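S.K.: One letter stands for each residue in the lines below.
There are 4 protein chains.
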Amino acid sequence: MLKTVYTACRTCYSAQNPEQIYAGAEDPEKMLKLIDRVISSGHYSTIEHIQVSFAVSNVSRACTHQLVRHRHASFSQKSQRYVQEKGQFDYIIPPTIARDEALKEKFTALMEQISQGYQEFIQSGVPAEDARFVLPNAASSSLVVSMNLRELIHIANLRLCTRAQYEIRLMTKLMCEALDEKWLEPYLVPKCERLGFCDEDKSCGRVKVKS
Amino acid sequence: MLKTVYTACRTCYSAQNPEQIYAGAEDPEKMLKLIDRVISSGHYSTIEHIQVSFAVSNVSRACTHQLVRHRHASFSQKSQRYVQEKGQFDYIIPPTIARDEALKEKFTALMEQISQGYQEFIQSGVPAEDARFVLPNAASSSLVVSMNLRELIHIANLRLCTRAQYEIRLMTKLMCEALDEKWLEPYLVPKCERLGFCDEDKSCGRVKVKS
Amino acid sequence: MLKTVYTACRTCYSAQNPEQIYAGAEDPEKMLKLIDRVISSGHYSTIEHIQVSFAVSNVSRACTHQLVRHRHASFSQKSQRYVQEKGQFDYIIPPTIARDEALKEKFTALMEQISQGYQEFIQSGVPAEDARFVLPNAASSSLVVSMNLRELIHIANLRLCTRAQYEIRLMTKLMCEALDEKWLEPYLVPKCERLGFCDEDKSCGRVKVKS
Amino acid sequence: MLKTVYTACRTCYSAQNPEQIYAGAEDPEKMLKLIDRVISSGHYSTIEHIQVSFAVSNVSRACTHQLVRHRHASFSQKSQRYVQEKGQFDYIIPPTIARDEALKEKFTALMEQISQGYQEFIQSGVPAEDARFVLPNAASSSLVVSMNLRELIHIANLRLCTRAQYEIRLMTKLMCEALDEKWLEPYLVPKCERLGFCDEDKSCGRVKVKS
Numbered sequence: 001m002l003k004t005v006y007t008a009c010r011t012c013y014s015a016q017n018p019e020q021i022y023a024g025a026e027d028p029e030k031m032l033k034l035i036d037r038v039i040s041s042g043h044y045s046t047i048e049h050i051q052v053s054f055a056v057s058n059v060s061r062a063c064t065h066q067l068v069r070h071r072h073a074s075f076s077q078k079s080q081r082y083v084q085e086k087g088q089f090d091y092i093i094p095p096t097i098a099r100d101e102a103l104k105e106k107f108t109a110l111m112e113q114i115s116q117g118y119q120e121f122i123q124s125g126v127p128a129e130d131a132r133f134v135l136p137n138a139a140s141s142s143l144v145v146s147m148n149l150r151e152l153i154h155i156a157n158l159r160l161c162t163r164a165q166y167e168i169r170l171m172t173k174l175m176c177e178a179l180d181e182k183w184l185e186p187y188l189v190p191k192c193e194r195l196g197f198c199d200e201d202k203s204c205g206r207v208k209v210k211s
Numbered sequence: 001m002l003k004t005v006y007t008a009c010r011t012c013y014s015a016q017n018p019e020q021i022y023a024g025a026e027d028p029e030k031m032l033k034l035i036d037r038v039i040s041s042g043h044y045s046t047i048e049h050i051q052v053s054f055a056v057s058n059v060s061r062a063c064t065h066q067l068v069r070h071r072h073a074s075f076s077q078k079s080q081r082y083v084q085e086k087g088q089f090d091y092i093i094p095p096t097i098a099r100d101e102a103l104k105e106k107f108t109a110l111m112e113q114i115s116q117g118y119q120e121f122i123q124s125g126v127p128a129e130d131a132r133f134v135l136p137n138a139a140s141s142s143l144v145v146s147m148n149l150r151e152l153i154h155i156a157n158l159r160l161c162t163r164a165q166y167e168i169r170l171m172t173k174l175m176c177e178a179l180d181e182k183w184l185e186p187y188l189v190p191k192c193e194r195l196g197f198c199d200e201d202k203s204c205g206r207v208k209v210k211s
Numbered sequence: 001m002l003k004t005v006y007t008a009c010r011t012c013y014s015a016q017n018p019e020q021i022y023a024g025a026e027d028p029e030k031m032l033k034l035i036d037r038v039i040s041s042g043h044y045s046t047i048e049h050i051q052v053s054f055a056v057s058n059v060s061r062a063c064t065h066q067l068v069r070h071r072h073a074s075f076s077q078k079s080q081r082y083v084q085e086k087g088q089f090d091y092i093i094p095p096t097i098a099r100d101e102a103l104k105e106k107f108t109a110l111m112e113q114i115s116q117g118y119q120e121f122i123q124s125g126v127p128a129e130d131a132r133f134v135l136p137n138a139a140s141s142s143l144v145v146s147m148n149l150r151e152l153i154h155i156a157n158l159r160l161c162t163r164a165q166y167e168i169r170l171m172t173k174l175m176c177e178a179l180d181e182k183w184l185e186p187y188l189v190p191k192c193e194r195l196g197f198c199d200e201d202k203s204c205g206r207v208k209v210k211s
Numbered sequence: 001m002l003k004t005v006y007t008a009c010r011t012c013y014s015a016q017n018p019e020q021i022y023a024g025a026e027d028p029e030k031m032l033k034l035i036d037r038v039i040s041s042g043h044y045s046t047i048e049h050i051q052v053s054f055a056v057s058n059v060s061r062a063c064t065h066q067l068v069r070h071r072h073a074s075f076s077q078k079s080q081r082y083v084q085e086k087g088q089f090d091y092i093i094p095p096t097i098a099r100d101e102a103l104k105e106k107f108t109a110l111m112e113q114i115s116q117g118y119q120e121f122i123q124s125g126v127p128a129e130d131a132r133f134v135l136p137n138a139a140s141s142s143l144v145v146s147m148n149l150r151e152l153i154h155i156a157n158l159r160l161c162t163r164a165q166y167e168i169r170l171m172t173k174l175m176c177e178a179l180d181e182k183w184l185e186p187y188l189v190p191k192c193e194r195l196g197f198c199d200e201d202k203s204c205g206r207v208k209v210k211s
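So the sequence lines, in the order shown, correspond to chains Y, B, F and A.
Going by this note's numbering, 206 is the number at position 206 of the first sequence; the sequence numbering is gapless.
Going by this note's numbering, 195 is the number at position 195 of the second sequence; the sequence numbering is gapless.
Going by this note's numbering, 55 is the number at position 55 of the third sequence; the sequence numbering is gapless.
Going by this note's numbering, 38 is the number at position 38 of the fourth sequence; the sequence numbering is gapless.
Just so you know, these hints were derived from the structure itself, not from any lab.
Because the structure is a prediction, the values reported are computed rather than measured.
Heads up, a few of these hints could be off.
As the list makes no split between identical chains, a pair holds if one copy fits it or if it spans any two.
[Claimed, not checked] Straight-line distance between alpha carbons at most 25 Å, and here's what the computed DSS-like set of lysine-lysine pairs gives:
id : residue 1 : residue 2
1  : K106      : K208
2  : K191      : K210
3  : K30       : K202
4  : K104      : K182
5  : K182      : K106
Could you put the whole structure together from the sequences, leaning on the hints where they help?
M.R.: What follows is the structure, given as structure tokens:
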């Protein structure tokens with residue numbers, strides 16, 4: 001990963017060709033120093049050369065509807081049109097509901113009613129793509145998502161913000177941890193830490209609002 | 001619209017500069033002839049210079065989840081996080097359910113149960129962004145979507161296919177009709193009509209499958 | 001322009017559908033207030049609904065090679081493959097050369113030699129697409145470029161920086177002036193004015209470097 | 001590569017989650033069969049999960065100006081602003097010129113004159129970014145380019161066409177060969193072989209024109 005990014009960075013500023021640079025790239029510390037200098041100047045195109053893929057499961061359709069709005073990523077998501085639910089569908093309970101026993105029971109009961117309705121439609125010959133109209137945002141989904149490091153930084157900056165919904169925040173946090181690249185960590189933070197100020201309309205107060 | 005596209009087409013092949021071409025563009029027939037020749041050669045970038053915006057209402061979240069997967073378009077969609085449903089939420093009933101009175105009643109009853117559940121969560125202090133976890137794919141949404149003509153052709157080619165779901169097919173058809181540009185009509189058709197063959201895994205049989 | 005952006009902004013947060021919002025949008029001051037609040041929170045997708053087109057002439061190929069690197073814009077550029085130069089090709093003289101009479105003469109003489117070479121290749125039957133191999137970066141070009149307001153802001157932030165080359169800086173400045181939208185002016189500035197600090201490796205000193 | 005694409009394909013149509021699919025993916029023949037079925041139906045998004053990077057050297061700036069117009073790829077190109085040419089710059093001679101001794105000599109002489117001019121400007125204190133205005137399209141460049149497999153297929157379809165310029169055709173051919181993935185070869189062909197007809201305005205006659 002480092003060697004590719006380093007080669008890309010050096011290609012812009014060097015008389016050597018990329019193969020020569022790649023062949024001579026050996027000192028990780030020197031590589032990191034250049035990469036950091038280039039990225040911190042905002043030349044993010046150099047890290048587009050690395051794409052990473054994540055397998056995501058047990059997230060709500062509410063969460064994936066937010067995720068797929070990022071247009072610089074590639075998605076292969078489980079289809080509710082083609083994959084018919086057998087028995088009770090899996091679902092996600094939001095913490096504000098899960099932590100209250102009475103609310104949680106109400107939520108679970110509603111999920112069961114919906115599942116029963118779904119199954120009745122299927123048994124009446126309604127195709128899965130139409131029966132799914134009753135399935136809730138809570139229904140769990142899974143997908144493969146790929147994005148380059150520039151987009152990952154962009155997503156982290158937006159979705160690690162405390163104003164993002166808890167589920168996509170958590171998913172983004174887990175993605176960044178799964179990547180496990182020390183040198184990228186200073187960039188995989190909420191946008192306010194990059195900007196030095198908060199630009200949200202309703203700030204959480206963590207960082208001062210731009211005056 | 002025509003003058004801009006014509007100017008873009010001619011700029012590529014002419015010694016004149018774009019202002020001169022634009023100023024001299026007067027004969028619609030001549031313009032259309034060049035445009036048609038350029039587009040039918042696959043040089044779609046020339047029609048990217050025209051972007052159109054549509055106001056879309058009364059479509060299901062199932063439909064918008066498909067639409068927003070088109071990454072060359074811009075979307076501003078009604079947020080279920082920020083807009084709380086007051087009373088029964090609006091919803092879309094798929095035709096395979098709506099045409100059977102018993103199924104339709106079952107569907108309507110389920111929507112009412114879900115609405116009641118949603119309102120109870122709201123009244124218990126659950127924020128709208130979490131209460132919406134129970135809202136179904138059928139819940140209606142509205143959005144402003146903008147795309148250039150190249151993307152509109154791409155969407156039409158895919159979504160007018162009989163294999164697309166009825167709702168997005170209808171929405172796409174209405175978009176194309178709202179545009180009402182005669183010269184674009186030969187392009188705003190299912191992909192099989194452009195290709196001369198059907199490439200779908202399960203063909204509707206309208207056009208012969210590629211052997 | 002304002003009404004479309006306002007409708008997009010309001011659609012996200014309103015129970016009204018976009019047509020209703022558009023129909024009721026009448027007070028420019030109120031519209032601007034909302035738009036400014038939305039954009040300054042970083043929700044730039046709302047201004048993607050407006051796309052603008054520019055006719056650009058008398059710029060060097062050096063400049064257009066930089067411009068076409070912006071991947072969220074659409075370009076129709078005069079082709080050196082298909083448009084053969086008749087007589088001396090037009091060219092741009094950089095100010096650092098133009099302001100010195102001796103250098104300017106040397107530059108002009110070289111352009112004439114190149115032109116003569118080009119014409120000799122053409123007369124020997126070499127196709128224009130190969131004869132153009134001798135044409136310099138200084139050769140002037142023209143193009144139609146379209147981009148949405150989000151991309152225009154992005155380009156302005158990067159290309160109005162004093163570290164950008166003079167020609168693309170000037171071209172960007174002229175584009176912003178041609179747009180002539182007062183409400184956008186606070187955004188059509190070098191990136192340092194948006195960030196509050198300079199992130200360039202070699203700063204011009206105008207704004208303090210991030211420590 | 002195969003396992004990732006297979007997992008993406010199966011995730012859309014399977015009740016299993018991506019980790020389970022990936023863990024169970026063992027039979028290359030079975031994987032290829034599914035992948036081929038999915039891609040030949042036009043569902044190219046599944047192969048976006050694989051990105052490949054190429055180190056490209058000894059290509060003309062004429063060629064790279066065409067290449068960088070592909071907006072779904074990432075580029076890090078040797079900069080003529082920051083990398084100053086020491087001595088004679090490298091250049092590419094088009095075959096239509098190289099095969100004629102007299103034309104070749106004329107070409108070489110002109111490159112030497114341009115190089116001399118460039119060096120004189122540098123010695124007069126003109127910055128490299130301005131001296132480069134005299135450098136020709138023939139000047140050789142190098143870059144790192146990355147793209148996903150969908151974009152590689154798109155580029156191959158366009159740039160392997162006999163109407164593309166010889167240099168970018170050759171470069172594209174070498175890229176496809178370097179990839180060396182047998183299963184992709186049926187897709188890495190000129191567009192006419194995919195379409196079954198030629199859509200170019202001036203056809204080479206290899207495949208029949210669409211009537």
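S.K.: It remains to establish, for every hint, whether it holds in the given structure.
M.R.: Structure-based check of each hint:
| no. | hint | result |
| --- | --- | --- |
| 1 | K106 x K208 | neither (40 Å within a copy, 52 Å between copies) |
| 2 | K191 x K210 | both (13 Å within a copy, 15 Å between copies) |
| 3 | K30 x K202 | between (42 Å within a copy, 20 Å between copies) |
| 4 | K104 x K182 | neither (39 Å within a copy, 52 Å between copies) |
| 5 | K182 x K106 | neither (44 Å within a copy, 53 Å between copies) |
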